[in-house]
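Enquirer: Model the placement of chain F on the given structure of chain U, informed by the hints.
Number of protein chains: 2
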Amino acid sequence: MQLSVPVRHIKVDFMTENAKPIQVTGIAGLPLIQEGDDIARLICDRIEILDDDILVIATTIIGKAKGYTKRLDQVQPSVQAIRIAEKTGENPCFIQVVLDNSVDLLLTYPFILSEISCGHIGVRAGIDASNIEEGKVILLPKDPMREAAEIRDAIHTCCGSCCSVIITDTCGRAFRRGQTGNAIGWSGIVAIRDFRGDTDLFGKRLEITEEAVVDEIAGFANFVMGESHAGIPAVIFRNCPKWQGHDNLYFNKEEDLIRNALGKKEN
Amino acid sequence: MQLSVPVRHIKVDFMTENAKPIQVTGIAGLPLIQEGDDIARLICDRIEILDDDILVIATTIIGKAKGYTKRLDQVQPSVQAIRIAEKTGENPCFIQVVLDNSVDLLLTYPFILSEISCGHIGVRAGIDASNIEEGKVILLPKDPMREAAEIRDAIHTCCGSCCSVIITDTCGRAFRRGQTGNAIGWSGIVAIRDFRGDTDLFGKRLEITEEAVVDEIAGFANFVMGESHAGIPAVIFRNCPKWQGHDNLYFNKEEDLIRNALGKKEN
Chain U
1 MQLSVPVRHI KVDFMTENAK PIQVTGIAGL PLIQEGDDIA RLICDRIEIL
51 DDDILVIATT IIGKAKGYTK RLDQVQPSVQ AIRIAEKTGE NPCFIQVVLD
101 NSVDLLLTYP FILSEISCGH IGVRAGIDAS NIEEGKVILL PKDPMREAAE
151 IRDAIHTCCG SCCSVIITDT CGRAFRRGQT GNAIGWSGIV AIRDFRGDTD
201 LFGKRLEITE EAVVDEIAGF ANFVMGESHA GIPAVIFRNC PKWQGHDNLY
251 FNKEEDLIRN ALGKKEN
Chain F
1001 MQLSVPVRHI KVDFMTENAK PIQVTGIAGL PLIQEGDDIA RLICDRIEIL
1051 DDDILVIATT IIGKAKGYTK RLDQVQPSVQ AIRIAEKTGE NPCFIQVVLD
1101 NSVDLLLTYP FILSEISCGH IGVRAGIDAS NIEEGKVILL PKDPMREAAE
1151 IRDAIHTCCG SCCSVIITDT CGRAFRRGQT GNAIGWSGIV AIRDFRGDTD
1201 LFGKRLEITE EAVVDEIAGF ANFVMGESHA GIPAVIFRNC PKWQGHDNLY
1251 FNKEEDLIRN ALGKKEN
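Chains as they are written, first to last, in our numbering: chain U, 1 to 267; chain F, 1001 to 1267.
One chain only, chain U, in its complex shape:
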């Protein structure tokens, strides 16, 4: 698998008075994705993708196409999984799959909140029993950055266009009710727009200096998808302003105040 489409040189280009409106289009009409399906090909068959478009894809269809699924009746729950499941009221086999896909547990009750190997922290390790046959679950990809790069390469191969890709998952958050879409993998763009050194309208240094642009785009894509995914597992963004920054989207353990507070609660 080549991962060769270069990241283009990014010129900062905020919207000006003459900028075209951004266009956001949900890609409807894709078939129910099966293991082995070529998602890039299916998307390119349904919609034109241009250079500089941002293609946002729900992690669900990546998991199904790549076979990142698990049958719960093939899982043997551990003592730990049985103990957690007794408290949460969930299927111990499901809990075992969550544990198997977690690298660090932040909470085990009233639900498992854990870090997965790519650094993302999510409820039940992002494992999804929706939109798949009864008795099976869909796992998050182990390396969502690589999945995004692969899709980006495959789109380039299919149609010659050099787009960016974001893979999204739906997550809860602190203080506010309701889930929102977050980015778990991306390619062709950087996660964080970095304003350090920029000034405000009055020439003062900005206080807020890092904006999680991939999450802002992922959230709006999730809105367009609809949470039942209503047959819209992918969304195209066109004419977005460009940005510069970095990919350091996850806090280090030491700097993450809320993670540290949860750790103290558990002990």
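Honestly, the hints are just simulated from the structure, not real lab data.
Everything numeric in this text was worked out from a predicted model, so none of it was measured.
Virtual Cβ for every residue (Gly too), placed ideally from N, Cα, C.
Keep in mind that a hint or two might mislead.
[Said to hold, decoys possible] Cut-off 25 Å, straight-line C-alpha distance, at most; resulting in silico cross-link-like pairs (SDA-like, lysine to any residue): (1) U:87 to F:1256; (2) U:242 to F:1172; (3) F:1253 to U:108; (4) F:1242 to F:1051; (5) F:1020 to U:241; (6) U:20 to U:46; (7) F:1242 to F:1162.
[Unchecked claim] Some chain F residues well away from chain U (every beta-carbon gap over 10 Å; in silico): (8) 1036; (9) 1051; (10) 1066; (11) 1069; (12) 1076; (13) 1077; (14) 1087; (15) 1103; (16) 1117; (17) 1145; (18) 1154; (19) 1156; (20) 1161; (21) 1220; (22) 1254.
Expert: Below, chain F alone, put in the same frame as chain U:
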């Protein structure tokens, strides 16, 4: 001030294959907002607003137009403010303004994290020293729902269109670096898309049932604005799918696991 534009009956209308692309347009070219300015009139003079558009406005310009600002040299810091400022290294007068605008403190170090009267939880009570003259700060509105309703009414008066309005602020979050735009007030739409009772593509009940749509829209608007606000303090969304749900965006204290964990950390 009339608050009379009715919320339209909302028909659930997810994007179909024939749906028009969503158009998102940053409103550039507004003057630097001064106290007393009529934001709705300034916006209507620059851009056409249609029925069912969603107009997203940065809280900064609401604060400036309404005079929700404070001169720090007119503030007398309390003993508590001085004590906190010694630890955080901030101006005690600034800390006093943060305390005056907080109804509950979740953290005081390394920064104040607090609840403000509308229920929003934010760093430094959302008080902003950027994009205003040196020595002054911009406060969040005390009643951002009312501000959103007033703007919505004023747009209707100016141009006859019945749009929805979201007022945004930029906030940090747990586990992930970088700020994103959040909704702090809205009118004409509900905050949360409620899927309870809906089924997935396989007819199973959905696990995830509440989506914080106003935050997903606010986040993408924040991306279009650019954090220095680059002269784009407002964004229009056109052709969005509609949704049904409720306005219960903030957790109750009891159900907020992370707030409770922070409380235990403090004690």
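Enquirer: All the hints need checking, so say for each whether the structure fits it.
Expert: Outcome of the hint check:
1. U:87 to F:1256: Answer holds: residue 87 of chain U to residue 1256 of chain F is near 19 Å, not above 25 Å.
2. U:242 to F:1172: Distance of about 22 Å is within 25 Å: holds.
3. F:1253 to U:108: Given that 25 Å is the threshold and the Cα spacing comes to 20 Å, the pair holds.
4. F:1242 to F:1051: holds (13 Å)
5. F:1020 to U:241: Between residue 1020 of chain F and residue 241 of chain U the Cα gap is close to 21 Å, so the pair holds against 25 Å.
6. U:20 to U:46: holds (24 Å)
7. F:1242 to F:1162: This hinted pair holds, its Cα atoms lying about 14 Å apart.
8. 1036: holds (18 Å)
9. 1051: It holds; residue 1051 of chain F is separated from chain U by about 18 Å at its closest Cβ, greater than 10 Å.
10. 1066: Holds, because the least Cβ-Cβ distance between residue 1066 of chain F and chain U comes to about 18 Å, which exceeds 10 Å.
11. 1069: It holds; residue 1069 of chain F is separated from chain U by about 13 Å at its closest Cβ, greater than 10 Å.
12. 1076: Since the minimum Cβ distance to chain U is about 24 Å, residue 1076 of chain F lies beyond 10 Å and the statement holds.
13. 1077: Nearest chain U Cβ is 20 Å from residue 1077 of chain F, so the label holds.
14. 1087: Non-interface label on residue 1087 of chain F holds, nearest chain U Cβ at 14 Å vs cutoff 10 Å.
15. 1103: Non-interface label on residue 1103 of chain F holds, nearest chain U Cβ at 14 Å vs cutoff 10 Å.
16. 1117: holds (15 Å)
17. 1145: The claim stands: residue 1145 of chain F keeps its Cβ more than 10 Å from every Cβ of chain U (closest is about 15 Å).
18. 1154: Check passes; 23 Å lies beyond 10 Å.
19. 1156: The claim holds: residue 1156 of chain F sits with its nearest Cβ about 23 Å from chain U, beyond 10 Å.
20. 1161: Given a closest Cβ separation of 17 Å, the condition holds.
21. 1220: For residue 1220 of chain F, whose nearest Cβ neighbour in chain U is about 4 Å away, the distance does not exceed 10 Å, so it is violated.
22. 1254: At roughly 12 Å from the nearest Cβ of chain U, residue 1254 of chain F sits farther out than 10 Å, so the non-interface label holds.
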